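K.L.:
Sequence:
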Amino acid sequence: MKELELKLMPDDVPVNFCLATKENFVEGEVEPSFVILNYLVFVELFPFAIRSRKGSVESMEIKWGELKNILNVILSNRNLA
1 MKELELKLMP DDVPVNFCLA TKENFVEGEV EPSFVILNYL VFVELFPFAI
51 RSRKGSVESM EIKWGELKNI LNVILSNRNL A
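Read left to right, the sequence shown gives residues 1 to 81 (this note's numbering).
Simulated from the structure, these hints should not be mistaken for laboratory data. Honestly, I wouldn't trust all of these hints.
[Said to hold, decoys possible] Here are the simulated distance ranges between beta carbons:
{"no.": "1", "residue 1": "Asp12", "residue 2": "Phe34", "range": "12 to 22 Å"}
{"no.": "2", "residue 1": "Lys54", "residue 2": "Pro10", "range": "31 to 41 Å"}
{"no.": "3", "residue 1": "Pro10", "residue 2": "Arg53", "range": "34 to 44 Å"}
{"no.": "4", "residue 1": "Asp12", "residue 2": "Gly55", "range": "30 to 40 Å"}
[Unchecked claim] In silico DSSO-like pairs for lysine-lysine, Cα to Cα no more than 27 Å straight-line:
{"no.": "5", "residue 1": "Lys63", "residue 2": "Lys2"}
{"no.": "6", "residue 1": "Lys68", "residue 2": "Lys22"}
{"no.": "7", "residue 1": "Lys22", "residue 2": "Lys7"}
{"no.": "8", "residue 1": "Lys22", "residue 2": "Lys63"}
{"no.": "9", "residue 1": "Lys2", "residue 2": "Lys68"}
{"no.": "10", "residue 1": "Lys22", "residue 2": "Lys54"}
{"no.": "11", "residue 1": "Lys68", "residue 2": "Lys7"}
{"no.": "12", "residue 1": "Lys2", "residue 2": "Lys54"}
{"no.": "13", "residue 1": "Lys63", "residue 2": "Lys7"}
{"no.": "14", "residue 1": "Lys2", "residue 2": "Lys22"}
These figures come from a predicted structure and were not determined experimentally. Every residue, glycine too, gets a C-beta built ideally from N, C-alpha and C.
Produce the complete structure using the sequences and hints provided.
P.N.:
So this is what it looks like as structure tokens:
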């Protein structure tokens with residue numbers, strides 16, 4: 001999903017997501033939705049998997065509002081370092 005689509009999505013919608021570092025990600029069928037720090041963040045409405053140099057990584061389901069909160073914590077902790 002594109003970043004703009006995610007911004008317009010209600011918080012209670014279940015989404016599937018994966019994180020991968022830029023170094024370990026292997027180009028595939030799923031495009032990252034956005035980048036935070038050194039991580040590619042993949043978000044879709046359906047289960048998926050991405051390929052990395054260490055193997056396949058399956059997506060995990062979470063509510064969109066919860067994922068936004070987690071990503072905000074990551075960003076705020078970066079500013080404290």
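K.L.:
For every hint, state whether the structure bears it out.
P.N.:
Hints versus structure:
1. Roughly 21 Å separates the CB atoms of aspartate 12 and phenylalanine 34, a value that falls within the hinted 12 to 22 Å.
2. Separation of lysine 54 from proline 10 is about 34 Å and conforms to the stated range, judged on CB atoms against 31 to 41 Å.
3. In this structure, proline 10 and arginine 53 meet the distance hint of 34 to 44 Å, their C-beta atoms being roughly 35 Å apart.
4. For the pair aspartate 12 and glycine 55, the beta carbons lie near 32 Å from each other, so the given range of 30 to 40 Å is met.
5. For the suggested pair lysine 63 and lysine 2, the alpha carbons sit about 17 Å apart, so the restraint of at most 27 Å is met.
6. For the hint pairing lysine 68 with lysine 22, the CA-to-CA distance comes to about 20 Å; that is within 27 Å, so the pair holds.
7. Our distance criterion of 27 Å between C-alpha atoms is met by lysine 22 and lysine 7, whose separation comes to about 23 Å.
8. Restraint check: the Cα-Cα separation between lysine 22 and lysine 63 comes to about 25 Å, which is no more than 27 Å; the hinted pair holds.
9. Of the supplied pair hints, the one linking lysine 2 and lysine 68 holds, its CA atoms being roughly 14 Å apart against a limit of 27 Å.
10. Annotation: proposed proximity of lysine 22 to lysine 54 holds, straight-line Cα distance about 13 Å (limit 27 Å).
11. Distance hint between lysine 68 and lysine 7 is fulfilled; the C-alpha atoms sit about 10 Å from each other, no more than 27 Å.
12. About 26 Å separates the Cα atoms of lysine 2 and lysine 54, which keeps this hinted pair within 27 Å; it holds.
13. Annotation: proposed proximity of lysine 63 to lysine 7 holds, straight-line Cα distance about 13 Å (limit 27 Å).
14. Annotation: proposed proximity of lysine 2 to lysine 22 holds, straight-line Cα distance about 18 Å (limit 27 Å).
Checked against the numbered hints above, the structure breaks none of them.
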